[in-house]
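Peer 1: Going by UniProt numbering, the sequence shown opens with residue 1, and the numbers climb by one from there.
Worth flagging that the hints you see were computed from the coordinates, not collected in a lab.
Only a predicted model underlies this, so the values are computations on that prediction, with no experimental measurement involved.
It is possible that some hints are incorrect.
[Claimed, not checked] No farther apart than 25 Å at their CA atoms in a straight line, the calculated lysine-lysine pairs in the DSS-like style are these: (1) Lys1082 to Lys933; (2) Lys636 to Lys985; (3) Lys868 to Lys985; (4) Lys830 to Lys868; (5) Lys951 to Lys933; (6) Lys937 to Lys947; (7) Lys949 to Lys985; (8) Lys964 to Lys988; (9) Lys937 to Lys964; (10) Lys830 to Lys866; (11) Lys77 to Lys110; (12) Lys1043 to Lys949; (13) Lys547 to Lys498.
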Amino acid sequence: MKTRSAEALFVQRGPGPRPSVWQILSSSRPKWTRSEVVPLGSHPASRDLGTRELSSNLTTLRRRSIEAIQLKYVSFKDAFGVLGPPMIMVAVVSICWTTWLIILTIAPNKTANYLMNTNEYDNGQFWLIPEEFSVLQAFSVAGLVAILALYIIVLLKMLVWREYHHVEGSLLDRILERCVSNKAQSDNWSKLDFVPRIYRLIWELYLFLKELTGFQGKHRKLWNLCLKALDLTMQYFMLSGLLEAGTPVELIFGFAVFTALNSLFCAIEIINHRFTAFAEILIDSLFDLSAAVLFPIVVLVYSANNFDFDRAVFHINMELLPVGSFERRAQMFASPTEIELFRVSFDSLRIRTVADYFLRIGMNLGFSYRFKRVVEVLIQMQNQRQRHQSSRRASLARQYSNLLKFSKFPSGQRSCQRTAPKSLAMLYLAYSVGVIVVTHRSISTSQALCSSYPECAVFAYRWRDTGLCPCLALIDGNRAPKTYFEWTHPVDATDTVKALAAAGTLETLQLINRQLTVLPDELRGCHNLNYISLINCAVEELPIWAKGFRKLQYLQIEGKVGKTRRRRRLQAENDTETCSGVAVVDATSLSSLGVQAAELTNTTLTELNLTDNNIADVRDLQLPETLQQLYLSRNKLTSLEIPESWRHLEVLNVSDNPIANFTAEGKDGPRVLIARNTSLSSMEDVVFPATLRQLDVSLTPIANWGNFTPPTDLSDLTAQDSSIELLGPANFSACDRSFTMDFSGNNITTIRGVRFPPNLRTLFLNGSSVTQFEVCKSDVKVLERLEAFDVTTLTLADDSCSDATIPTSVIIANTSYSLCVLTDAAFDGKYKGGKVSSSTSLTTLLLLLFSIASAVLVLLMLFAIKRKIIDERRAKAARAEKLKAEHAASEGSSDDEESDKMKMSSAMLTDDVRSDPDFERYRIPQNDLEVVKQLAKGAGGVVHLAKWKPKNEQVVVKRVAPEKSKSVRELQRFTREIRLYGSLKHPKIVAFRGIAWSSLADLSLVLEYMPNGDLAQFLERQQMLDSQRRGWSWLTDEDSGFKHSKLTMALDVADALVYLHSFAEPIMHRDLKAQNILLSNKWVAKISDFGVSKRREQRNEQQGVSSGGPQTAEVGTAAWIAPEVIKGARYDQKADIYSFGVVMCELDTCTRPYALGVASSHSASGMTSFTSASQASDDEEVKSLLSSNATLALAVSEKGVMPAFHSDCPRAILDLARMCLSYDPEDRPTAKELWRLLQDLAAPGALLTSSRKATLTESLRHVSTSA
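All chains, please: the whole structure from these sequences, using the hints.
Peer 2: Spelled out as structure tokens, the structure:
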């Protein structure tokens, strides 16, 4: 029978579908009969005949196939049409997502920090995800890179490789065909008959597999069902993993519904077998795309959007709270449940186990394979249309519509498609229903079991009802105790831990301020426990069976801290439980470790935090080799002997311990040692590990260096604020790494005996005035190569260089300094043995004579100073007599009563600034001032607007009221105010211009003129607007062009308070209110009126008591006065902070304080409850409270009432104001802390916009009109 050619098979049906590759091969393949098979061992010539015939047939097949399928180039529009842009977008998204998965696999911790913007928190370890290389990680990266390459190849097929031979004649086809042809023709292989048969069998098997997987082969449907079954299996395992990991219910239900729909479509395909190949492949690709790419992206977006993390509050706590304190550690987990849920969702995207590897790689491979087939089908269909141009070309939309029609192929073609039995559809339907049922039963069962335990933040969803809560994350804590009783009597969490650990599924255990003295035995069954954090739980020991926690990665046991570090604002529920009198807060905490020797060595612990405990000895503690960071700050370690078993440590922190000496057993040890604020006074006997690279001994009083020789690997030495006066002797010459030295904040006067590192790069001596600097000759080049050198002063004394040294000019960091340079031999001989060489008897005698001469010189200086003081007093008295004579001449010689009073006033005014030589340069002649108008008049003074004619400047002239000008008390108060103004210079305080007088009665204070009036008037104008909510806002309105908001003005006032409180004797304003805050022409708020201000006298700082006396009615008014001032108790600058809180109320309400009523600050919920103006008018108690200053002062001092804010006041502003208005002064922030808090709130996005949006155009018009 004559065989048909390959060309005939392609064109036999005209425009119909092409025959399969198997048919092409069968049409030209020679028919082998039994007689043609040469037996083994026969003559080689007979075997060569078959070999040559096989090679000839393969060559002919190759030539005919190329001639049959060589087609024109297909354009992108013709090949893909309307599907082109979406497919390009899918390919790009898949490439980007796979690249992100590769980055996630390599650096998961950095990826989480970047995603949630938590890089700067907790040294980049906020999420506690260890980044360590493993074999699984390497395989994961390799698999994802292969998938990425597949996506790129598919994209190139769409954009560049659209020729048909790239689709049909693949690289594998050509390799196998060439391999068969070459091997068959080889003489070496032709000796054996079975060789060509094996290769022919391989070739036929490959063609069979290609026919099986072909998109129009007769086994297409069976092959698609096999792939679909594999997909559904992987999706089932993925769903099980999500259920076991405690993924949020919304995500689980979404994935379950998606899996059920996928299985349901399989059943439809089986029942209705008229789907075309393109329709099946396209729909399967969409399901694979959803499972492999879209669903993980949805998980990521869902987790990020539902993670409510107040970064502003967190940043403020990080700035204000001390490092390692209980409150700061608690704030690291601002919302523990949300953080844990994000970790669960985030970990579901990572490849952490072998099962995860096969699931992730398998699903991505399945999608890339189907996506590639879709591209190939579209290109091949277009090639077939180009080959058969006899019929009229259909429209592009009709062509793609035909690809999806059920009756696309003729009946003859459809009959050759082998369909699956319809009974298989029941299996896929049952699978679809089963997925929904299992998911629903799992969720409902677990929620029913865990609903009675609110401490269980995350729990797994189990199918069987075991009667136990499958808890994964137990999070329980009281992070902000409101009373002293809550602080000292935490809730016992032992029973809860037992109940939730009974199922053995617990992975996370976090307790804060709970009672858990001993870890219960139920925890022994939790083999997957990887995170333990017990803060303020009075844990006494870690049991020996803790070695069973083989997956433990993080362990923190932190005790309570004292009052000096407890800055959390504890609020009292009643008078009997107030926290204001608490002296020390302490309790039993971890004092020893029950786990000794190698009990922890089997775990995977990476960080161990034992801060704030009572540990005194750690010599027997054997740490696991996986541990990298160990924190022992604020314990009771008196000495530290670093065991050799700690050689794997990267960071060791032993700060705030009374450690007097360091020793190391072996050469290896931690790379970074932080030992700040210890009792180390001498470096003579200190031995550090040889592997140490960074050493921080700041705040440590090092008085003796004792020829200190550091480890050779050391590259960073920091000793800031350590009261060092003598640096050396010390030998750093063996340290060959790039070196950094930081001795900032010391008072170093002498540097001698120091051999510097040869690769020293930076040397910081900020705060030191060096008068003696001895170096050896070889170190001169080292100093000349310094990249950075900072010293306050470096000036050698006349006798600083001895006979053996030579003063030499050395250029260090582009600046010339004079140093004492010794030869290397003389330097080594002088400082050999570790101490500076002893002086000769002549040197001793010279030192004695120098001491005597210095004592005599000091006595002479004291005598001269005393003589100068006496002369100044005499000159001052003479000037006072002269002033009295001038006053008598100007007022006349009348002996009336007023003249006698003036004389008496002038005589009794002992602090007269007119006779002070320091104020002579500030005197302004009266003729140079031209009074324009009166601005204000009070009970004690009058203020005029004047023109300073020589400088053509408007100024303010303040004088004592005429009726008070004869009062000695008023004149002395006014004189003190002038002296205080003269000592102040700050951009946020009204500037002092000078003083003027012709007599004591018209003594005037000349100040800067503030054209926009005081803040109280400005707020009153805001209140007069049509609608208060259209008035001024806490945020800047960029549209209005007005750059000053309420927050910026509050910042101006806080800036001024920082300046006033920063003096050695802090200045208390004592009358801070909106009326005493003036606005410049650029709307900068400045503090004025220091009439009642005073300096706070410094007493014993350990007592913490100020000398502020009782405040009288003239100091401020009742609404702005702090409770301790009203009660007549001692007070300090914290009284100004209280007044600032009242000013914040004025800014918020645009009216006087208490105009909207009072606010309760002790509600049960901790939220401020407001009394509106209407409520205040109906409440008799409130009306009586605000009836007079006396009743208001009594309510403030006894009940601690606060003014009410608007209900739409931003929460952060309200919290800050309540902090300032705290009844206990210790609970109020300092001026510096207040300024930092306001700076944080002023950052972009830190403060949510209030509903009262600023539209200041109308406000500015009112202001300019009134001005």
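Peer 1: Next, verify each hint and record whether it holds.
Peer 2: Do the hints match the structure? See the list:
1. Lys1082 to Lys933: Holds: Lys1082 and Lys933 sit about 23 Å apart, inside 25 Å.
2. Lys636 to Lys985: violated (47 Å)
3. Lys868 to Lys985: Given pair Lys868, Lys985 is violated - Cα atoms ~29 Å apart, limit 25 Å.
4. Lys830 to Lys868: violated (47 Å)
5. Lys951 to Lys933: holds (19 Å)
6. Lys937 to Lys947: Answer holds: Lys937 to Lys947 is near 19 Å, not above 25 Å.
7. Lys949 to Lys985: holds (23 Å)
8. Lys964 to Lys988: Not OK: Lys964 and Lys988 at ~30 Å, beyond 25 Å, violated.
9. Lys937 to Lys964: holds (12 Å)
10. Lys830 to Lys866: Violated: Lys830 and Lys866 sit about 45 Å apart, past 25 Å.
11. Lys77 to Lys110: Judged against 25 Å, a Cα distance of about 42 Å means the pair is violated.
12. Lys1043 to Lys949: violated (33 Å)
13. Lys547 to Lys498: holds (19 Å)
Checked against the numbered hints given earlier, the structure breaks hints 2, 3, 4, 8, 10, 11 and 12 and satisfies all the rest.
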